[in-house]
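Residue numbers (the working numbering), protein chains in the order written: chain A, 1 to 376; chain B, 1 to 376; chain C, 1 to 376; chain D, 1 to 376.
Some hints here could point you the wrong way.
[Claimed, not checked] Taking lysine to aspartate or glutamate pairs in the EDC-like style, the calculated list, with each CA pair at most 16 Å apart, reads:
| hint | chain 1 | residue 1 | chain 2 | residue 2 |
| --- | --- | --- | --- | --- |
| 1 | B | Lys289 | D | Glu282 |
| 2 | A | Lys289 | C | Glu282 |
| 3 | B | Lys289 | C | Glu271 |
| 4 | C | Lys289 | C | Glu271 |
| 5 | C | Lys289 | B | Glu271 |
| 6 | C | Lys372 | C | Asp362 |
| 7 | D | Lys289 | A | Glu271 |
| 8 | D | Lys289 | B | Glu282 |
| 9 | D | Lys372 | D | Asp362 |
| 10 | B | Lys372 | B | Glu235 |
| 11 | C | Lys182 | C | Asp108 |
| 12 | D | Lys181 | D | Glu167 |
| 13 | C | Lys289 | A | Glu282 |
| 14 | A | Lys169 | A | Asp179 |
| 15 | D | Lys169 | D | Asp179 |
| 16 | B | Lys169 | B | Glu220 |
| 17 | D | Lys181 | D | Asp108 |
| 18 | A | Lys289 | D | Glu271 |
| 19 | A | Lys181 | A | Asp108 |
| 20 | A | Lys374 | A | Glu235 |
| 21 | A | Lys181 | A | Glu107 |
| 22 | C | Lys181 | C | Asp108 |
| 23 | A | Lys374 | A | Glu107 |
| 24 | B | Lys169 | B | Asp179 |
The set of hints was computed from the structure by calculation and includes no laboratory data.
The model shown is predicted, which means the values in this text are computed figures rather than measured ones.
Protein chains: 4
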Amino acid sequence: MVGGGEGAYIGGIHRFAARLDNQYELVAGAFDINAARGHAFAAENFIAADRSYDDFTAMIAAESAREDGVDVIAICTPNFTHYPVARACLEAGIDVICEKPLTSTLEDAELLAEVVQRTGGFLGVTYTYAGYPLIAEARQRIAAGLIGQVRTLQVEYPLEWMATGVELKNNQQAAWRVDPKKNGRGGSVGDIGTHAYHLAGYVTGLKAESVMADLATFVEGRALDDNAHVLIRYEGGARGMLWSSQVAIGCSNSLRLRIFGETGSLMWAQEQPNELLFTPLEGNSQVIKRGRDDLAMLTRSRTRTPPGHPEGYIEAFSNLYSGFADALRARDVGQEPGQAGAAVPQIYDGLKGVAFVDAVVDSHEQGTVWMKPKYC
Amino acid sequence: MVGGGEGAYIGGIHRFAARLDNQYELVAGAFDINAARGHAFAAENFIAADRSYDDFTAMIAAESAREDGVDVIAICTPNFTHYPVARACLEAGIDVICEKPLTSTLEDAELLAEVVQRTGGFLGVTYTYAGYPLIAEARQRIAAGLIGQVRTLQVEYPLEWMATGVELKNNQQAAWRVDPKKNGRGGSVGDIGTHAYHLAGYVTGLKAESVMADLATFVEGRALDDNAHVLIRYEGGARGMLWSSQVAIGCSNSLRLRIFGETGSLMWAQEQPNELLFTPLEGNSQVIKRGRDDLAMLTRSRTRTPPGHPEGYIEAFSNLYSGFADALRARDVGQEPGQAGAAVPQIYDGLKGVAFVDAVVDSHEQGTVWMKPKYC
Amino acid sequence: MVGGGEGAYIGGIHRFAARLDNQYELVAGAFDINAARGHAFAAENFIAADRSYDDFTAMIAAESAREDGVDVIAICTPNFTHYPVARACLEAGIDVICEKPLTSTLEDAELLAEVVQRTGGFLGVTYTYAGYPLIAEARQRIAAGLIGQVRTLQVEYPLEWMATGVELKNNQQAAWRVDPKKNGRGGSVGDIGTHAYHLAGYVTGLKAESVMADLATFVEGRALDDNAHVLIRYEGGARGMLWSSQVAIGCSNSLRLRIFGETGSLMWAQEQPNELLFTPLEGNSQVIKRGRDDLAMLTRSRTRTPPGHPEGYIEAFSNLYSGFADALRARDVGQEPGQAGAAVPQIYDGLKGVAFVDAVVDSHEQGTVWMKPKYC
Amino acid sequence: MVGGGEGAYIGGIHRFAARLDNQYELVAGAFDINAARGHAFAAENFIAADRSYDDFTAMIAAESAREDGVDVIAICTPNFTHYPVARACLEAGIDVICEKPLTSTLEDAELLAEVVQRTGGFLGVTYTYAGYPLIAEARQRIAAGLIGQVRTLQVEYPLEWMATGVELKNNQQAAWRVDPKKNGRGGSVGDIGTHAYHLAGYVTGLKAESVMADLATFVEGRALDDNAHVLIRYEGGARGMLWSSQVAIGCSNSLRLRIFGETGSLMWAQEQPNELLFTPLEGNSQVIKRGRDDLAMLTRSRTRTPPGHPEGYIEAFSNLYSGFADALRARDVGQEPGQAGAAVPQIYDGLKGVAFVDAVVDSHEQGTVWMKPKYC
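When you get a sec, could you build the whole thing from the sequences and use the hints?
The following block contains the structure:
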């Protein structure tokens with residue numbers, strides 16, 4: 001693991017996720033930009049002292065030289081460092097699990113895609129919400145035609161935590177997110193809008209044709225948007241609305257996706273992830289619960305407990321980790337991955353996400369005009 | 001009453017609303033374009049035979065000549081007829097309660113506004129949802145500064161019932177709604193988007209500065225939109241998203257309004273109208289229930305039962321009717337109306353609604369560009 | 001109407017209910033035990049002065065003598081007066097709509113049943129919740145076997161409003177409810193437990209075989225229970241739990257019924273009355289909405305608006321009133337009532353309710369033992 | 001670990017729970033009554049071959065002899081084996097984490113309590129639901145007097161999965177649960193009623209004074225109850241109702257607890273575990289969310305992610321495991337445990353649970369009479 005040490009939020013989540021299904025062992029790390037702090041953290045986490053490194057360069061050099069070196073490195077650092085770290089890993093023959101957004105600029109993302117292609121390495125992207133069991137179910141049902149051709153979708157990802165200037169109050173999580181150099185061009189759009197955009201595409205299989213955005217910055221002093229209203233036109237005629245906000249008081253982590261097709265609709269909310277609402281044309285809404293035997297194979301394989309035993313965010317994250325493991329094992333033996341491995345976000349998903357942010361910011365800067373994302 | 005006879009939906013609602021609070025008596029009508037059918041309907045509804053008229057012209061002539069003629073006429077006909085009927089009433093000195101949208105064209109709306117001004121008559125518009133008690137509460141709380149300055153709002157009004165071509169299946173309600181001549185330029189926008197737009201403005205007091213729209217027609221053969229995605233910029237910097245849809249499977253009548261300010265938020269959904277969710281900055285969400293003693297005066301005056309005894313659509317409609325009665329009684333004695341009378345939508349609200357439809361359709365037709373509504 | 005004047009709660013509800021469907025006209029009343037206050041109230045409510053009476057005796061005498069005398073009298077007085085007023089009406093040939101519980105003692109209830117039988121008069125009881133459209137739906141579905149034989153049911157009716165000694169604070173509504181002479185033997189059991197008990201029997205068609213109760217009085221100084229826990233055994237082997245409480249903080253009017261059969265279950269909550277949850281064995285829960293075309297005939301006839309347009313308590317009350325009207329019209333022409341008229345609670349329902357209260361209080365007083373209600 | 005091999009449900013949960021917080025390592029086991037199958041399972045789970053044992057006797061002998069022998073053994077076998085396995089562990093100086101109910105008979109439970117006392121060993125009981133963060137919050141709030149003295153509580157735990165005779169269809173989980181010899185005297189009461197009973201006592205601190213029960217067996221051929229209705233009287237005057245059911249169609253794992261005090265109430269439902277509803281007297285209900293900074297210390301220590309990132313059943317189970325670890329570490333250094341260690345269910349909780357089942361079955365068998373549990 002690179003980054004994710006003391007005080008980091010997402011690093012801990014990666015560790016929970018890796019541990020839960022017993023398919024990974026955390027054996028090495030460069031956990032902190034402050035090396036001493038990183039070594040202390042490593043010690044507390046049962047990492048052998050000789051595998052706690054000062055920085056990612058040292059780590060990659062040493063681990064790629066070891067017989068028993070790491071198979072894969074998780075990158076949990078701020079956005080702008082994803083590219084150099086991931087490139088170094090891949091060049092050294094180490095696979096990568098990378099936080100989203102893939103990079104802070106589209107150029108970096110394109111360069112990284114080129115590295116992946118050239119090295120043949122694996123790069124998984126943790127679009128967490130793609131790991132929920134009922135998201136797999138929704139995806140499978142749409143692919144099977146159960147709601148007909150999609151007409152319109154509504155996706156939103158509002159948060160409250162940056163409703164005031166928390167970045168000025170020694171909140172590190174907030175500080176780099178409002179710094180264009182570290183975060184990239186998109187504020188709420190880059191941080192959470194990309195999740196929403198990815199999820200909508202992941203579930204429906206639709207490709208965006210053009211986007212149009214009205215960005216706003218409500219908290220004084222911010223250089224980036226903290227609220228984004230986006231219209232989307234998809235290939236084939238479907239339409240979408242996307243709202244991301246970091247200033248939506250009352251919304252904890254309120255990602256929600258609603259998809260309306262010709263013959264049915266689906267609704268899923270991240271804060272109640274164990275239920276999927278399905279409504280057939282002119283019929284009663286049905287509450288589909290996680291953990292039932294009649295769900296899709298992938299849904300079931302992503303589930304550890306029966307219905308009524310809530311699973312949540314950590315389990316979804318673990319599902320991605322297990323999917324990455326599945327994909328890696330399959331590749332190592334020269335086979336196609338199973339459903340779990342095939343379903344995880346990879347380099348192209350990351351590239352699309354960064355292209356989305358670029359198109360959205362360009363649209364806004366040019367006066368809210370239709371803009372085609374470079375990758376979709 | 002003009003229109004609203006056998007098979008009409010909204011006419012019956014007007015009658016329930018007028019009756020509930022015992023402030024109106026229905027004594028005359030021209031209920032149907034088919035005079036015979038209208039007379040039959042009148043008889044069933046205890047209307048004296050000599051006050052059941054062949055058409056609105058005859059009715060207005062006779063009633064305005066009677067000593068005991070009607071005080072006010074409710075107009076429940078398709079959109080394109082609102083203007084001529086309302087004008088005739090007002091010219092004859094009879095006040096008007098008119099369905100929304102006010103008219104099918106902006107010219108008609110402007111002409112009607114001129115008639116109201118000239119005659120001094122009263123014209124109330126039944127933006128039903130403005131009549132809910134907790135909408136009054138939300139409005140009062142925002143006016144009192146309880147959520148601070150509004151930053152962003154999300155309003156939506158999705159329906160399922162026109163998800164297929166019901167207009168081809170002898171459904172009169174649908175048939176005129178898809179005919180631009182009878183309905184006006186806005187499909188879902190005119191039918192329900194205007195409700196959503198009005199409600200957002202009514203509750204927040206915000207005035208739209210510009211709108212931008214992406215309209216779609218998903219059911220083949222329709223000349224008007226059946227799905228609208230709209231971005232709004234309000235004076236003072238607030239932003240909004242508005243979605244209206246007639247093809248949203250699973251949505252019965254799912255008007256919902258969420259408003260996010262600097263220090264709090266409010267959420268209200270028409271299908272659960274007896275609760276208002278209020279969240280202060282960094283605090284717990286609170287479920288505010290209709291019928292409690294600590295609510296605003298207008299909220300309480302719009303409530304007939306204690307909390308836990310659900311009130312709904314008919315009661316909201318009645319609240320508008322009682323508000324119209326209050327406004328009329330006040331005017332008749334030369335006084336200012338009370339809170340109930342002051343809170344009802346009138347001619348200018350109607351005019352704004354038609355201007356909104358025009359701006360939205362113009363925006364779309366010009367390639368989804370920012371467009372300023374003529375009245376706001 | 002007898003009772004229901006200024007300051008009374010339920011009288012106003014009866015008037016809303018009578019008015020909504022335009023099947024009743026309120027023409028006479030003895031509204032208040034204080035005659036002057038009653039006359040003032042009558043005047044405000046457009047009652048002719050000569051039909052506002054000093055008391056019910058005068059009213060019944062005068063109205064039964066008039067050619068155009070009232071057809072039916074609504075009794076909205078405290079429990080202990082139901083019997084004398086109802087008896088006087090029936091003896092004078094006037095039909096009765098009576099609040100629940102039917103009477104304050106079982107003897108009165110039995111005497112009244114005898115009067116009904118002897119006079120052939122009609123006595124409807126306003127078990128309000130039986131008037132909700134989706135209650136009719138649940139009843140019809142169970143009768144049709146859609147959940148199989150009922151195994152267990154859970155019914156509860158908790159309220160908050162008497163959680164403190166409000167009867168000492170000049171609250172008339174509370175004052176008579178805690179006085180055994182005016183209210184009868186059951187506190188929460190008589191006031192709201194009877195509603196819950198009636199509803200469970202009404203929907204399932206089950207007859208109670210025995211009940212067992214643990215009553216409690218939590219607010220000091222009360223002579224009657226304010227919280228009741230009741231076990232029920234029904235004929236045929238079904239079991240039930242019933243909870244009524246007047247001290248349940250957070251519960252506005254939270255009547256809820258859940259019924260579990262061999263092949264499915266149904267759940268309905270009075271505060272969200274427009275939805276009925278139906279779950280078939282091993283299937284997904286389905287949200288059945290009021291107002292849909294595929295519901296039972298009686299459900300649809302009790303509905304005034306499409307799904308998504310909430311109806312509530314007043315509408316449910318109106319459904320009973322319309323059902324009473326249907327029953328009376330049918331009787332007057334010597335026919336069987338339609339579904340609406342057949343579905344309303346009448347004298348035997350009232351008698352069962354009082355017998356339930358008696359059995360519950362007896363069970364408790366004898367140390368919480370099984371007790372068979374005299375009528376069931 | 002003893003038991004919990006292939007096909008077992010709860011064993012897997014114990015392993016997830018042990019792993020998540022990285023405080024346990026699974027190094028030895030006797031996973032299956034079929035030794036060969038147990039060894040195969042061990043191999044798949046990375047257990048060294050020499051620490052996969054034929055049975056628990058062999059395991060305890062070998063492990064207690066090893067320098068690096070296990071610290072603690074988790075018992076995941078059917079109820080009737082808990083006693084012999086736990087005793088053997090404790091006698092050998094190995095601590096125990098035991099599934100609930102503690103034993104299948106009260107005698108066994110008493111004997112085991114004696115063993116714990118004599119050996120000074122630790123025995124934690126996995127009353128899972130006590131591990132939820134917001135249960136800790138509710139407990140702390142009640143202890144702090146935030147709802148005043150408790151008056152009444154409603155607790156229920158209905159399930160659907162045994163609504164038909166699944167025990168006859170090769171379902172091992174169901175088979176031993178309907179066998180009095182393996183399961184003990186309580187059917188639904190022993191399986192899930194004990195969870196509900198424990199949770200109510202755990203959160204409120206109340207001790208039961210007497211219980212009264214009406215048990216039923218709805219699925220033909222069962223020797224034990226599959227539905228239980230229980231009344232509870234607590235010391236100090238509070239009253240409770242408890243419902244457990246294995247035949248409640250539509251209920252996945254629907255444990256729910258509602259507590260009403262003199263000045264407020266609390267409501268928590270296991271299927272939505274990230275929210276706790278708190279209502280102060282005459283106030284608005286507040287939605288308290290897991291993960292907020294203003295919650296009790298124990299609540300926060302049981303939380304891994306911010307609000308809006310759902311945690312569930314596995315996390316709750318992990319909280320117990322981490323609490324056990326905390327208690328064990330404290331004991332090993334001769335200190336008092338921290339809040340986490342102090343909050344876990346131990347031997348006396350287990351004993352109380354078995355005494356509850358005994359009292360409930362006795363009450364029912366004697367005709368539904370008040371019965372005092374031997375331990376409370």
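Verification of the supplied hints:
1. Lys289(B) - Glu282(D): Roughly 11 Å between the alpha carbons, so the hint for Lys289(B) and Glu282(D) holds.
2. Lys289(A) - Glu282(C): holds (11 Å)
3. Lys289(B) - Glu271(C): Judged against 16 Å, a Cα distance of about 11 Å means the pair holds.
4. Lys289(C) - Glu271(C): holds (14 Å)
5. Lys289(C) - Glu271(B): holds (11 Å)
6. Lys372(C) - Asp362(C): Distance ~10 Å between Lys372(C) and Asp362(C) Cα, so the pair holds.
7. Lys289(D) - Glu271(A): The given pair, whose Cα atoms are some 11 Å apart, holds under the 16 Å limit.
8. Lys289(D) - Glu282(B): Holds, at about 11 Å.
9. Lys372(D) - Asp362(D): holds (10 Å)
10. Lys372(B) - Glu235(B): Distance of about 11 Å is within 16 Å: holds.
11. Lys182(C) - Asp108(C): Holds: Lys182(C) and Asp108(C) sit about 13 Å apart, inside 16 Å.
12. Lys181(D) - Glu167(D): At roughly 15 Å apart (the allowed maximum being 16 Å), Glu167(D) and Lys181(D) satisfy the hint.
13. Lys289(C) - Glu282(A): Given that 16 Å is the threshold and the Cα spacing comes to 11 Å, the pair holds.
14. Lys169(A) - Asp179(A): Judged against 16 Å, a Cα distance of about 15 Å means the pair holds.
15. Lys169(D) - Asp179(D): holds (15 Å)
16. Lys169(B) - Glu220(B): holds (14 Å)
17. Lys181(D) - Asp108(D): holds (13 Å)
18. Lys289(A) - Glu271(D): holds (11 Å)
19. Lys181(A) - Asp108(A): holds (13 Å)
20. Lys374(A) - Glu235(A): Between Lys374(A) and Glu235(A) the Cα gap is close to 14 Å, so the pair holds against 16 Å.
21. Lys181(A) - Glu107(A): holds (14 Å)
22. Lys181(C) - Asp108(C): holds (13 Å)
23. Lys374(A) - Glu107(A): holds (11 Å)
24. Lys169(B) - Asp179(B): holds (15 Å)
Of the hints listed earlier, there is not a single one the structure fails to meet.
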